[in-house]
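A.B. asks: Sequence:
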Amino acid sequence: MATTDNFAIEQGKAQRAIEWMNSEAAKNNKKLQVKLEGYLLSTTKFGNFEVVSWKGEWSTARNMVIRASKKLNIKVVEAGYHVKGQLLSSLFGISREFAKVYSGGNIIGNLELSTRSGKWIVKGEKLT
Numbered sequence: 057m058a059t060t061d062n063f064a065i066e067q068g069k070a071q072r073a074i075e076w077m078n079s080e081a082a083k084n085n086k087k088l089q090v091k092l093e094g095y096l097l098s099t100t101k102f103g104n105f106e107v108v109s110w111k112g113e114w115s116t117a118r119n120m121v122i123r124a125s126k127k128l129n130i131k132v133v134e135a136g137y138h139v140k141g142q143l144l145s146s147l148f149g150i151s152r153e154f155a156k157v158y159s160g161g162n163i164i165g166n167l168e169l170s171t172r173s174g175k176w177i178v179k180g181e182k183l184t
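Residue numbering for the sequence shown follows this note's numbering, beginning at 57 and increasing consecutively.
Honestly, I wouldn't trust all of these hints.
Subject to a maximum C-alpha distance of 25 Å in a straight line, what follows is the list of computed BS3-like cross-link-like pairs (lysine-lysine) [as the list claims (entries may be wrong)]: (1) K156 - K182; (2) K126 - K156; (3) K127 - K91; (4) K156 - K175; (5) K101 - K83; (6) K83 - K182; (7) K179 - K101; (8) K91 - K126; (9) K126 - K87; (10) K126 - K111; (11) K179 - K127; (12) K101 - K127; (13) K86 - K126; (14) K127 - K111; (15) K86 - K179; (16) K175 - K83; (17) K69 - K127; (18) K87 - K127.
Calculated directly from the structure, the hints in this document are not laboratory data.
What you are looking at is a predicted structure, and each value in this text was computed from that prediction instead of being measured.
Please put together the full structure from these sequences, using the hints given.
C.D. replies: Laid out in structure tokens, this is it:
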């Protein structure tokens with residue numbers, strides 16, 4: 057089972073979303089466990105997000121996060137998108153990822169992320 061921290065949920069609404077996702081996964085016999093990571097991802101255009109980690113299957117995690125955005129009418133961040141040909145820079149710890157920002161289940165923007173001290177920080181933002 058995979059485990060990672062490539063999702064974030066709108067600040068102040070994360071706990072409710074996590075409870076919903078974990079209960080939906082259990083109800084549907086899906087292997088997924090989501091928890092708070094304890095730090096914020098701050099953006100200028102989209103607000104602040106609480107970073108969450110998950111354990112389970114990638115497709116289930118992605119599906120649940122997007123469904124939570126739609127069902128609970130909240131903003132979420134889905135990271136994990138990379139530029140092709142970035143293998144060499146990632147080997148040297150120069151990690152750069154892109155993320156989609158959803159609101160109500162619809163994409164409203166994109167983020168460029170990098171890491172500092174093991175935590176995600178925003179390098180760029182774009183409304184769609």
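A.B. asks: For a C-alpha distance cap of 25 Å, please report whether K69 and K127 respect it.
C.D. replies: With Cα atoms ~13 Å apart, K69 and K127 stay inside 25 Å; holds.
A.B. asks: Would you mind confirming whether the straight-line C-alpha gap from K86 to K179 stays at or under 25 Å?
C.D. replies: Given that 25 Å is the threshold and the Cα spacing comes to 34 Å, the pair is violated.
A.B. asks: Would the hint linking K175 and K83 be met if the CA-CA limit is 25 Å?
C.D. replies: violated (32 Å)
A.B. asks: Would the hint linking K179 and K101 be met if the CA-CA limit is 25 Å?
C.D. replies: holds (12 Å)
A.B. asks: CA of K127 to CA of K91, is that 25 Å or under?
C.D. replies: Status holds; Cα separation ~19 Å.
A.B. asks: Please work out if K91 and K126 have their alpha carbons no farther apart than 25 Å.
C.D. replies: holds (19 Å)
A.B. asks: K101 and K127: Cα distance at most 25 Å?
C.D. replies: holds (22 Å)
A.B. asks: Quickly compare the C-alpha distance for K101 and K83 to 25 Å and report which way the hint goes.
C.D. replies: violated (35 Å)
A.B. asks: Is the hinted pair K179 and K127 satisfied, with a Cα-Cα distance of at most 25 Å?
C.D. replies: violated (29 Å)
A.B. asks: Quick one, are K156 and K182 close enough, alpha carbons at most 25 Å?
C.D. replies: Within the cut-off at roughly 10 Å; holds.
A.B. asks: Does K87 sit within 25 Å of K126, going by the straight-line distance between their CA atoms?
C.D. replies: It holds: about 21 Å lies between the C-alpha atoms, which stays within 25 Å.
A.B. asks: Between K126 and K156, does the CA-CA distance stay at or below 25 Å?
C.D. replies: Roughly 14 Å between the alpha carbons, so the hint for K126 and K156 holds.
Violated hints for the displayed structure, listed by number in ascending order: 5, 6, 11, 15, 16.
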